[in-house]
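Based on these hints, arrange chain B on the given structure of chain A.
Protein chains: 2
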Amino acid sequence: MSRIPRIVILGAGYGGIVTAIRLQKVLNYNEADVTLVNKHDYHYITTDLHMPAAGTGDPEKARVNILKLIDEFKVDFVKSTAVQIRPHEKKVILEDGTLSYDYLVVGLGGEPETFGIPGLKEHAMNIRSINSVRFIREHIEYQFAKFKREPDRKDYLTFVVGGAGFTGIEFVGELADRVPELCKEFDVDPSLVKIYNIEAAPTALPGFDPELVEYGMKVLADKGVIFKIGTAIKECTPEGVLIAGDEFIKAATVVWTGGIRGNHMLDDAGFETMRGRVKVDAHLRSPQFENIFIVGDCSIVMNPEGKPYPPTAQIATQQGECCAHNLVAAIRGNPLKEFTFVNRGVVASLGRGEAIGVVGNRKFRGWIASVLKKLVDIRYLYIIGGIPLVLRKGRF
Amino acid sequence: MSRIPRIVILGAGYGGIVTAIRLQKVLNYNEADVTLVNKHDYHYITTDLHMPAAGTGDPEKARVNILKLIDEFKVDFVKSTAVQIRPHEKKVILEDGTLSYDYLVVGLGGEPETFGIPGLKEHAMNIRSINSVRFIREHIEYQFAKFKREPDRKDYLTFVVGGAGFTGIEFVGELADRVPELCKEFDVDPSLVKIYNIEAAPTALPGFDPELVEYGMKVLADKGVIFKIGTAIKECTPEGVLIAGDEFIKAATVVWTGGIRGNHMLDDAGFETMRGRVKVDAHLRSPQFENIFIVGDCSIVMNPEGKPYPPTAQIATQQGECCAHNLVAAIRGNPLKEFTFVNRGVVASLGRGEAIGVVGNRKFRGWIASVLKKLVDIRYLYIIGGIPLVLRKGRF
Chain A
1 MSRIPRIVIL
11 GAGYGGIVTA
21 IRLQKVLNYN
31 EADVTLVNKH
41 DYHYITTDLH
51 MPAAGTGDPE
61 KARVNILKLI
71 DEFKVDFVKS
81 TAVQIRPHEK
91 KVILEDGTLS
101 YDYLVVGLGG
111 EPETFGIPGL
121 KEHAMNIRSI
131 NSVRFIREHI
141 EYQFAKFKRE
151 PDRKDYLTFV
161 VGGAGFTGIE
171 FVGELADRVP
181 ELCKEFDVDP
191 SLVKIYNIEA
201 APTALPGFDP
211 ELVEYGMKVL
221 ADKGVIFKIG
231 TAIKECTPEG
241 VLIAGDEFIK
251 AATVVWTGGI
261 RGNHMLDDAG
271 FETMRGRVKV
281 DAHLRSPQFE
291 NIFIVGDCSI
301 VMNPEGKPYP
311 PTAQIATQQG
321 ECCAHNLVAA
331 IRGNPLKEFT
341 FVNRGVVASL
351 GRGEAIGVVG
361 NRKFRGWIAS
371 VLKKLVDIRY
381 LYIIGGIPLV
391 LRKGRF
Chain B
1 MSRIPRIVIL
11 GAGYGGIVTA
21 IRLQKVLNYN
31 EADVTLVNKH
41 DYHYITTDLH
51 MPAAGTGDPE
61 KARVNILKLI
71 DEFKVDFVKS
81 TAVQIRPHEK
91 KVILEDGTLS
101 YDYLVVGLGG
111 EPETFGIPGL
121 KEHAMNIRSI
131 NSVRFIREHI
141 EYQFAKFKRE
151 PDRKDYLTFV
161 VGGAGFTGIE
171 FVGELADRVP
181 ELCKEFDVDP
191 SLVKIYNIEA
201 APTALPGFDP
211 ELVEYGMKVL
221 ADKGVIFKIG
231 TAIKECTPEG
241 VLIAGDEFIK
251 AATVVWTGGI
261 RGNHMLDDAG
271 FETMRGRVKV
281 DAHLRSPQFE
291 NIFIVGDCSI
301 VMNPEGKPYP
311 PTAQIATQQG
321 ECCAHNLVAA
331 IRGNPLKEFT
341 FVNRGVVASL
351 GRGEAIGVVG
361 NRKFRGWIAS
371 VLKKLVDIRY
381 LYIIGGIPLV
391 LRKGRF
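Chains as they are written, first to last, in full-length UniProt numbering: chain A, 1 to 396; chain B, 1 to 396.
Hints are computed from structural coordinates only; laboratory data are not their basis.
Being a predicted model, the structure only gives us computed values, none of them experimental.
Keep in mind that the hints are not guaranteed to be accurate.
Same chains, same label: a pair holds when it works inside one copy or across any pair of copies.
[What the hints assert, rightly or not] No farther apart than 25 Å at their CA atoms in a straight line, the calculated lysine-lysine pairs in the DSS-like style are these:
#1 Lys-184 to Lys-279
#2 Lys-250 to Lys-146
#3 Lys-337 to Lys-279
#4 Lys-121 to Lys-234
#5 Lys-68 to Lys-184
#6 Lys-337 to Lys-194
#7 Lys-250 to Lys-121
#8 Lys-39 to Lys-148
#9 Lys-90 to Lys-61
#10 Lys-79 to Lys-184
#11 Lys-184 to Lys-234
#12 Lys-121 to Lys-154
#13 Lys-39 to Lys-61
#14 Lys-279 to Lys-79
#15 Lys-74 to Lys-148
#16 Lys-39 to Lys-154
#17 Lys-148 to Lys-121
#18 Lys-61 to Lys-91
#19 Lys-337 to Lys-374
Chain A on its own, in the form it takes in the complex:
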């Protein structure tokens, strides 16, 4: 190539933004032309969205302006929505233009997986963006206001959360904390409010330490959460959910956190996927197109036992670092490095002052775990934006 190579990064989630930040550090002047494309002009901290969704945290704390993270002399930022990838033409179609690339990084994030359950796509809300969590927060508050006008409508005060994975558990924890505040604000008897957490799997937080899961469920049950574990949602309607055993739970609010699949654009573009996610090679590339790297929720990486790692912020961040390294190596003609996931520990928040976590071989619970959770968040802010970002967005 005589001209400098063009790198396009789609999506400024964990994988995309870390790739961009790393590239701007490592690339030399005029070594490559990097363009980051994102729908919004901000990056958001997905692992924190359960708080603004419940109304216990400010959405502003969960997002960062992209122009505060990237150096515009080194990375171009385009605020637009990608609509199509054309791997054979090395082009990306945006809603308002086209970009050509030599190397593409797909960090488009996931979409809710509803497993074909009727009505879930149409009637359930999802915790997946700043807009969606502001919507959920307003929707919840509105139900309390509506209930005061129609006191027979107990379903306004019934909240169904489908899925007891990380997002589901963390969200019900926050919601259980928020309910007493809302009851006070709207003069509602707290005993009328019901929070259901419904999970088809035989346990909450599958794969997590069973002893900690038991502890966590007890903490949440004490806060009023009603668990229906090993219970599938069979259908979602505008009136509520039908669950296994043909019980119908009337609820004006259904939030679905039960699954993530890859972005539909990958299927549309002819990538071979499993639930929309591409099983990448050892260097995080598409097995079909070696100039396309895939990071975050759109990618699958297998663990040593041959099972996919769950899509988390932690793995996406590590992929971003590796992806940037490999892009630079590819441009310089150096050998690429293999991606290896290093589990730095997992912490699930259970609301105010309570959490459960595993770091290495050690288990944590209670306030220590909740401090750990904050440290994980702060560490991430530090990685992407240094101390200034920690001070601006950290929750202390």
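Quick look at chain B alone, frame taken from chain A:
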């Protein structure tokens, strides 16, 4: 009477609460048995409701716990809703019981008058209670959240306020202040938001000084309010309003402030009314039943020109004082006094730091008028609850 007379006060609005407070001051021990009945356990400051409705003020500031205002050793408080007055039996039917009285004070407040405009009763919201203004506030915020999910729905960002009387004008003033905050919070382009104030009468604030009205409308128009004066609403639907000239304004929010009528219970009980309001005698009594006093929005008092005074907090408060005096006089066999309304001035707020007012012969505008407005509010808090209430609920 050998036993002590029983006084029942229906409603703890301006007229009712002032009657109760005055009675507990003036009556001697065991001179009468006073019962105050109210739907909620709080009194609210109706003249302030435009703020929490728009979201610019805390609803808590606009209400006061009734038990902080009355002395339970002197006045019994019953939290219940009156459903029927039986004047011939001297009984009041509550939703959960019955009360007998020797003297009744009807201070039930008004109901929205929709002048038979189709759909207004069903689809428009009203600024008339703490519950209703919390509902309006949540409804407005929800529209912004919904718009972010459906950006084609400009009607989510269109707000129609029917009526440019005091409530309408004060509400659009607050709403115009609130919109920029909401746009910032929800990342909405402020130019997409439309606030219409529609009034059938040939002027806003009919009866108010025309020069001040012109000034006020200019202030509000500069904040973005679109006035349609001399324009009747012909119909309200779930999609918006049809106005004179067959223009349809698509709007997900319609707030109706265009009129007040008396409580339906008066008509039901056989009182002679004009739009549900009873033209009381010189002593504030029903011309049909001399043991029934009527105060506030359910009563009509004529001005010296033979026209009804508009129903305001000011007149209701003065009626409460006179009513208490006459109840005591009636019990003691003293002559009753005639009610005379003393206009202490009128101030209309136009949002943050702006107002228009007339006190005596002097006109006020701008920040001086807005300070005056605050003084009016503080004066009322002082009347009902002394300095402690001013400190707790005053807006400084």
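Hint check results:
Taking the shortest Cα distances, Lys-184 and Lys-279 never come within 25 Å of each other, neither inside one copy (49 Å) nor across copies (40 Å). Taking the shortest Cα distances, Lys-250 and Lys-146 sit within 25 Å of each other both inside one copy (15 Å) and across copies (22 Å). Taking the closest pair of Cα atoms, Lys-337 and Lys-279 come within 25 Å of each other only inside a single copy of the chain (17 Å); across copies the shortest separation is 90 Å, beyond that limit. In this assembly of identical chains, the alpha carbons of Lys-121 and Lys-234 lie at most 25 Å apart only when taken from the same copy (13 Å versus 39 Å across copies).
For a Cα distance limit of 25 Å, the shortest separation of Lys-68 from Lys-184 across copies, 18 Å, qualifies, whereas the shortest one inside one copy, 39 Å, does not. Proximity of Lys-337 and Lys-194 under a CA criterion of 25 Å is satisfied in neither setting, with 50 Å inside one chain copy and 56 Å between copies. In the homo-oligomer, the alpha carbons of Lys-250 and Lys-121 lie at most 25 Å apart inside one protomer (18 Å), although the nearest pairing across protomers, at 28 Å, exceeds that limit. Proximity of Lys-39 and Lys-148 under a CA criterion of 25 Å is satisfied inter-copy only: 13 Å between copies versus 38 Å inside one chain copy.
Neither within a single protomer nor between protomers do Lys-90 and Lys-61 lie at most 25 Å apart by alpha-carbon distance, with minima of 36 Å and 61 Å respectively. For the homomeric pair Lys-79 and Lys-184, the shortest alpha-carbon distance between copies (18 Å) is at most 25 Å, but the shortest distance inside one copy (41 Å) is not. Taking the shortest alpha-carbon separations for Lys-184 and Lys-234, neither the intra-copy value of 34 Å nor the inter-copy value of 39 Å comes in at or below 25 Å. In this assembly of identical chains, Lys-121 and Lys-154 lie within 25 Å of each other by CA distance both inside one copy and across copies; the values are 24 Å within and 24 Å between.
When the C-alpha separation of Lys-39 and Lys-61 is checked against a cutoff of 25 Å, the pair qualifies only within one copy, where the shortest distance is 19 Å, while the shortest distance between copies is 41 Å. In this assembly of identical chains, Lys-279 and Lys-79 lie within 25 Å of each other by CA distance neither inside one copy nor across copies; the values are 28 Å within and 65 Å between. For the identical chains of this complex, Lys-74 and Lys-148 are neighbours neither inside a copy (54 Å) nor across copies (31 Å), given an alpha-carbon limit of 25 Å. Taking the closest pair of Cα atoms, Lys-39 and Lys-154 come within 25 Å of each other only across two copies (20 Å); inside a single copy the shortest separation is 38 Å, beyond that limit.
Taking the closest pair of Cα atoms, Lys-148 and Lys-121 come within 25 Å of each other only across two copies (18 Å); inside a single copy the shortest separation is 29 Å, beyond that limit. In this assembly of identical chains, Lys-61 and Lys-91 lie within 25 Å of each other by CA distance neither inside one copy nor across copies; the values are 35 Å within and 58 Å between. Taking CA atoms no more than 25 Å apart as the test, Lys-337 paired with Lys-374 passes in neither setting, with 31 Å inside one copy and 69 Å between copies.
In summary, the structure is inconsistent with hints 1, 6, 9, 11, 14, 15, 18, 19 from the numbered list given earlier, while agreeing with the others.
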